[in-house]
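Engineer: Chains A and B, in that order, are what the protein sequence lines are. Quick note on the numbering used here: the first sequence kicks off at 1 and runs consecutively. Quick note on the numbering used here: the second sequence kicks off at 1 and runs consecutively.
Derived from the structure by calculation, the hints contain no laboratory data. Hints should not be assumed to be uniformly reliable.
A short list of chain A residues far from chain B (calculated; beta carbon distances all over 12 Å) [stated by the list, open to error]:
hint, residue
1, Phe18
2, Met123
3, Met152
4, Asp157
5, Gly168
6, Leu288
7, Ile296
8, Leu298
9, Trp308
10, Trp322
Pulled a few chain B residues facing chain A out of the computed Cβ check, cut under 8 Å [claimed, not checked]:
hint, residue
11, Pro73
12, Phe85
13, Phe91
14, Glu92
15, Ala101
16, Gly103
Glycine included, C-beta positions come from ideal geometry on N, C-alpha and C.
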Amino acid sequence: MMEVIGLNADVTIQQSLFYILTTLLPIMVIAATPLVLASTGELIVEKSGVLNLGVEGMMVMGAVIGFITAVETGTPVAGFILAAVAGGLLALIFGFLTQVLLSNQVATGLALTLFGLGLAALMGQTYTGIRPPQTARIDIPFVSDAPVLGQMLFSYDWIVYFALALVGAVWWFLNRTRAGLVLRAVGENHDAAHALGYRVIAIRLAAIAFGGACAGMGGAYLSLVRVPQWSEGMTAGIGWIALAIVVFASWKPGRVIIGAWLFGGVTILQLNIQAANLNVLGIAAIVLAVVTIGMIALNLRSMTAKNWIRVAFLGALALLSWAMALTWPAFRLDSAYLSMTPYLMTIVVLVAISGDRTRAALNAPASLGRVFHASS
Amino acid sequence: MNTLLDISGLRKAYPGVVANDDVAFDIAPGEVHALLGENGAGKSTLVKMIYGLVQPDEGQMHLHGRPYAPTSPKDARAAGVSMVFQHFSLFEALSVRENIALGLDEAIAPRVLADRIRSVSKDYGLPLDPDRLIGDLSVGERQRVEIVRCLLQDPRLLIMDEPTSVLTPQEVNILFDTLRLLSKRGVAILYISHKLDEIRVLCDRATILRGGKVVATCIPRDETPRSLAEMMIGSTLADPPLRRAVPGRTLLKLTGLSLPTHDPFGVSLQGIDLTLHAGEVTGIAGVAGNGQDELVEVLSGEQLVEPGMIRLDNTPVGGLSPNRRRSLGLLTAPEERLGHAAAPDMSLTDNTMLTGRVRQRLSTQGFLKWNVASNFARAVIKQFDVRTPGVDTPARALSGGNLQKFVIGREVMQKPRVLVVNQPTWGVDAAAAASIRQSLRDLAAAGASVLVISQDLDELMEMSDQFAVIAGGKLSPTRPAGSISIEEIGRMMGGGDAA
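With the hints as extra help, turn the sequences into a complete structure.
Structural biologist: Rendered as structure tokens:
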């Protein structure tokens, strides 16, 4: 085991890199896929001006329905489809309560999470401990067998590619189509949209149903591919992270992928660090280096002096932790701290994002969470 | 005379109130027709029925001689009826082109639409850049967006709901030129306004509504503003008494007051100097969104600045909280009635407690004296003729004018040394506005200093002893009222000559 683990004192840099690219990266992408799906769905919901905090509940419903369907029919595709339907139906309950009966969105969303968790536990009782049928991987001859690149890019199941295509489609929908413009308009100022004759409630219900379907598929991916097993409460807070990613992405579809991979990556990293006894300092150095490069790449056109200082600071921090990793190769951290990291990361990133108030305010849908009542 | 739109016997009732009753009038092609009336006279309901937002209970409308019964704005637009709203139905975070695309029923390719926007806006003398964000535009430019949006659809009837209430005099002239050009090309315009002078200049005919009914139809050029106002109100008007105040000693002094904004659509205050004297009303004019809200927040203590930037009786107060300022006698009544000046779901007693606690000593050692608070609220209601069932009514249930009277009265009766009010008569009908203005003047006469921030130039000219203009977050030097012409003020409001 020790030879392939990497970042260990007696393993070369090439071996570590190989391990990261061919083993860690694919796991990270798989871990991120439910987040990509759920966040993309929630992004559409929030762009229409509705805050649905029930992502966790819709995901867990998708997980259980998808699992049951796949086990009973033997076809995972049916599982994913029914999971999407179940998520969408659950979301429509939320939609009916908040849009038609005008209930409070925050409270209803929380209730939806609790309801989903409870109902899923009840339905999945007899399915614990079963293995679901395997979801097929897309195998492209030769390409998938290519060393490193094949494993890095072409070793996934169809849902992974579907999720990425979905993000692209959502971007295109929001920025290039008239329907997307109407959706953004409804989220921006529902009174004005109503005055122009757009059907605010119908548009929002459609967005909510889409968000639920995406969350349901994300949940099914958890129980059918990522784990793959059904256990009660298996979403374990992923729905909440999906909500955080939408804010992290400042309501832009492309950034959802970055956010999901970042959060998914942290989750996987902490598991691997625990299992393989890796040096945390080395990992921290790599993560910091990636964030630094990412910051430069994202802000290339508008690098201000302030940004350069930030980048320099992060880079210095990366070098420092790398030096520390080399100095103390045997440094270990208690696993409890590692389990916290995804959540700590969420908090740190959200604080960092909200620090730039101007930008957040420009992208946030102005009617987010406000109750719409068509008083004439 | 041929008729474009003919309305007869229109009636619309809401629970507890008849908004329109047996309304009848007609509009000819190319005519500019004014719809006049006080707040609550039923103008809004009437145009909403014409634009398809509301369906009438009874009565008929005919357009081009054919029955016309729109069930949605889309129907209305398809029939050639367009509307420019009083509160613009625009989306701040979207571009001009996207906003216009949203208002069109057919989908047009973005590039084609951008070209059409440029050509129509040039044709009518309303320059617009299709790629700018609405949030970056001035109010006048936003209105242009609305008008261009309507023009792109080739309307036969254009409804304008109080279009000039937020414009500078120069912008009003541009708008009138556009409207006259439209009317020359055969487009009928239904023009709703409070401003009687404008109606006399612009409109061919006027229909006057009172209490949901048509009370008169006249040719505005043949009437005086006074006779029009009396038709609207249904009684004769009293002239405001003339008055000359001698400025007393300095009460409030702003020195180099600056505050950068964090809101992407906000305005930064830049080096504001202002001196307020006892016994004086100071007016600040300006187009909305030029720093008025920010200035009020700084004065009320919602935004803190360096202590020395604001001095009350020569004591630095710029770093004090709203309550500390209140105890020293600096009181504020902000513009937004529901949600800023008053908590909508709380009773009038609660709302009195919120601003009156410190200065009226409505609490002892942390315990609230509700009896005293409700007595004070009752006194405000009585003194300021606030029509409400009682002090336990939630603020939301009051009509705009009544709530405004309450909000102003609540501050005036706390005997402030300096009172700052923003838009004291916005959306308030003529009679209530007159009584609010009178109470503010009385307050100044009793030795306090009153700062009135308003977009209504006539109001400021009538009330103020000294006068300044805010534009782009900068304040002009104060000038004695009467020493400055409307044209000059208009130029300053446009930001052309803030010095």
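Engineer: Each hint needs a verdict: does it hold in this structure or not?
Structural biologist: Right, here's what the structure says about each hint:
| no. | hint | in the structure |
| --- | --- | --- |
| 1 | Phe18 | holds (46 Å) |
| 2 | Met123 | holds (41 Å) |
| 3 | Met152 | holds (38 Å) |
| 4 | Asp157 | holds (37 Å) |
| 5 | Gly168 | holds (20 Å) |
| 6 | Leu288 | holds (29 Å) |
| 7 | Ile296 | holds (25 Å) |
| 8 | Leu298 | holds (20 Å) |
| 9 | Trp308 | holds (22 Å) |
| 10 | Trp322 | holds (37 Å) |
| 11 | Pro73 | holds (4 Å) |
| 12 | Phe85 | holds (6 Å) |
| 13 | Phe91 | holds (4 Å) |
| 14 | Glu92 | holds (7 Å) |
| 15 | Ala101 | holds (6 Å) |
| 16 | Gly103 | holds (6 Å) |
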